Amino acid sequence: MLISNRAKWSLRAAALLYLLALLILPVVVIFFKTFEHGFGVAWGWMTTPAAISALSLSLLMAAIAVPLNTIFGVTCALVIVRRRGRLAAVLDSLIDLPFLVSPIIVGLALTLVYGIHGWFGTFFTDHGIRIIFAVPGMLLATIFVSLPFVVREVAPVLVEVGDEQEQAAATLGASDWQTFWRITLPSIRWGVIYGVILSTARALGEIGAVLVVSSLVAGQTLTLPLLVYQRASQLGPGAITSAYAAATELAVISVVVLLAMTTLSSRRQQSR
Amino acid sequence: MARRRGGLALGLSTLYLSVIVLIPLAAVTIKAVSQSPSDFWQAVTNPLALRALGVTLGAALLSAAIGAVMGTLVAFVLIRDEFPGKRFINGLIDLPFALPTIVAGLALLALYGPDSPFGVHLAYTRAVVVVALLFVTLPFVVRSVQPVLLELDREVEEAAASLGASNAVIFRRVVLPALRPAIISGAALAFARAVGEIGSLWLITAKVPIASIVIYADIESDAPLAAASLALVLIVLSLIVLVLIRRLGGRVAH
Chain A
17 MLISNRAKWS
27 LRAAALLYLL
37 ALLILPVVVI
47 FFKTFEHGFG
57 VAWGWMTTPA
67 AISALSLSLL
77 MAAIAVPLNT
87 IFGVTCALVI
97 VRRRGRLAAV
107 LDSLIDLPFL
117 VSPIIVGLAL
127 TLVYGIHGWF
137 GTFFTDHGIR
147 IIFAVPGMLL
157 ATIFVSLPFV
167 VREVAPVLVE
177 VGDEQEQAAA
187 TLGASDWQTF
197 WRITLPSIRW
207 GVIYGVILST
217 ARALGEIGAV
227 LVVSSLVAGQ
237 TLTLPLLVYQ
247 RASQLGPGAI
257 TSAYAAATEL
267 AVISVVVLLA
277 MTTLSSRRQQ
287 SR
Chain B
538 MARRRGGLAL
548 GLSTLYLSVI
558 VLIPLAAVTI
568 KAVSQSPSDF
578 WQAVTNPLAL
588 RALGVTLGAA
598 LLSAAIGAVM
608 GTLVAFVLIR
618 DEFPGKRFIN
628 GLIDLPFALP
638 TIVAGLALLA
648 LYGPDSPFGV
658 HLAYTRAVVV
668 VALLFVTLPF
678 VVRSVQPVLL
688 ELDREVEEAA
698 ASLGASNAVI
708 FRRVVLPALR
718 PAIISGAALA
728 FARAVGEIGS
738 LWLITAKVPI
748 ASIVIYADIE
758 SDAPLAAASL
768 ALVLIVLSLI
778 VLVLIRRLGG
788 RVAH
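Residue numbers (our numbering), protein chains in the order written: chain A, 17 to 288; chain B, 538 to 791.
Hints are not guaranteed to be accurate.
Going by beta-carbon spacing under 10 Å, a handful of chain A positions derived as facing chain B [what the hints assert, rightly or not]:
1. Leu32
2. Phe88
3. Tyr245
What the hints contain is simulated information worked out from the structure, not anything from laboratory work.
Small disclaimer: the values here were computed from a predicted structure and weren't measured.
For each residue, glycine too, the CB sits at the ideal point set by N, CA and C.
My request is simple: use the sequences and hints to build the entire structure.
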C-alpha cells in the first residue's frame, strides 16, 4: 500500500492518541496523585507497618507460587510435547482453564473444596489447619491464576527445537537427567525465563481470587493489591493517598517487569 | 527407563493440575447442579443475574469490537510506520499484562471519578466499564496481528496498486483478508478475558451489575448455591469461547 503523507500522519496520530489516552494517562495519574503532597508523604505511606507487611506478603506469594509453577510448567510442557498420548492431550486442553475462568470463580471454587464447609473442610479443621481466609488459601489462589504461563511459553519452544539433540545424547549414553540439564534446559531457557516473568507479574498483581479467600486483616492477609483495594474503598484523604502509594509500588514493579519482557523478547529473537 | 520417568511426569502434572484447578472447578459444577433444576434456573434467571450477565456480555462484546478495530490500527502503525520512539511505544503495549488490574482501576477512578481533572465523570457508568476492559485487553489483538502483518507479502499490495486499486480497496481486499484470522482470535481472547475481568472494575462500578461482582456478593452473603449457579454459566461460556478459539487455530496466551 502506498500511503499518502496525510493518511500516514492521521493514522499515526490516531494510534498514538489512543495509546496516550488508554495506556499512558492512567500510569501518569497514579504517579502524580502519589507524589501530589510531596515525596516524604508518599514515602511515609509506603513504609507504614501495614504497607511493608503487604509488600512482603505479596513477595512471599510470588516466591512460593512461581517456582512451583515453573517446575510444573516445564514438566507439563515436556509431557505435552514429547510424550503425547491421550491423557497428555487432555492435559494440554485443560491447561488454559485458569486464563479463562473469572478470578472470583477461582476463589469460590477453592472455598467449596478447602473451606470449613467444603469437601476437605472437616479434614483440615480436625488437624487445626486453616486454608480459606488464611495465607494457604491465598497461595492456592495465586498458584491457580499464574499456572499456565510457563507451560504456554515453553511448549512452543520445545516444538521448535525438536528432539534430535536429546536423542543423540541418549544414544551416546546420557541419562535422562543429564540430557535434561545439559541439552533440553539450555535450549528452552528463554521460554522458561519469559514464563517466569509473566507468572511473577500475575502472582504479584492478582486481586479477585485472593480477595475471596483472604480475611482482609492488615498485617496478616493483605497483599499489596488488596491493600490498594481496601484503602481506596475507605473514606478520608489519608486512605486514598495510602492507596496511591501502594499502587505506585505495584506500578514500579510492573515497569521493571515490562523492561525485562522487552529486553528478553529482543534477545530471544537474536538467539534464533 | 525414559518411559517410566515419562509416566511419572505425566502423573505428577495431572495431580498438580487436579489439586489446584480441576477439583475446585468440579466442586463449583457439582454445587451448582446439586440443587433442583428449577432452583438453578431461578438462580440464573432472576432479574439481577440476567442484568449482570447482559451487562457483562454486552460490555465484553463492545470492548472486543472496539479493541479489534483500534488494535489493528495500532499494530498497522507499529509495523508499517517509522517514527522516533516507536520501540518504546511497542514495548508499552504489554503494560496491561504487567500492571496489576487494581492499579488500572484506581487510575480510572482518578481520571474519570468525582475528582476528574478533565471534568469527565464516567465512573460508575457502563461507559467506564468498556474503557477498563479496553485497557486490560489491549495487547491481545495488537500482539496477534503484528506478526501476521510483518510476514505479509507486500508485492501483492504493490501489484494491486499498479492495477489501479485505491488504498481502501487494497486494505479491504488484500490486507484485511490476510489479517482476519489473527484479528478474530485476538478479539476472542480479549472477549474471554473481559467476561472474567474484575480487578480493574472493583473501584469504578458501584451500581453497574457485573457478573463477577454479583458472584462475589453472593459469596459474601453466604449464598454459595446462587454464586455457583452463575459461576457455572460463566464457566460454560468460557469453555465455548475456548473451543471456538481452538477451531480458529488461535493460541491462548497470557
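The hints, checked one at a time:
1. Leu32: 7 Å, holds
2. Phe88: 5 Å, holds
3. Tyr245: 5 Å, holds
In summary, the structure agrees with every hint in the numbered list given earlier.
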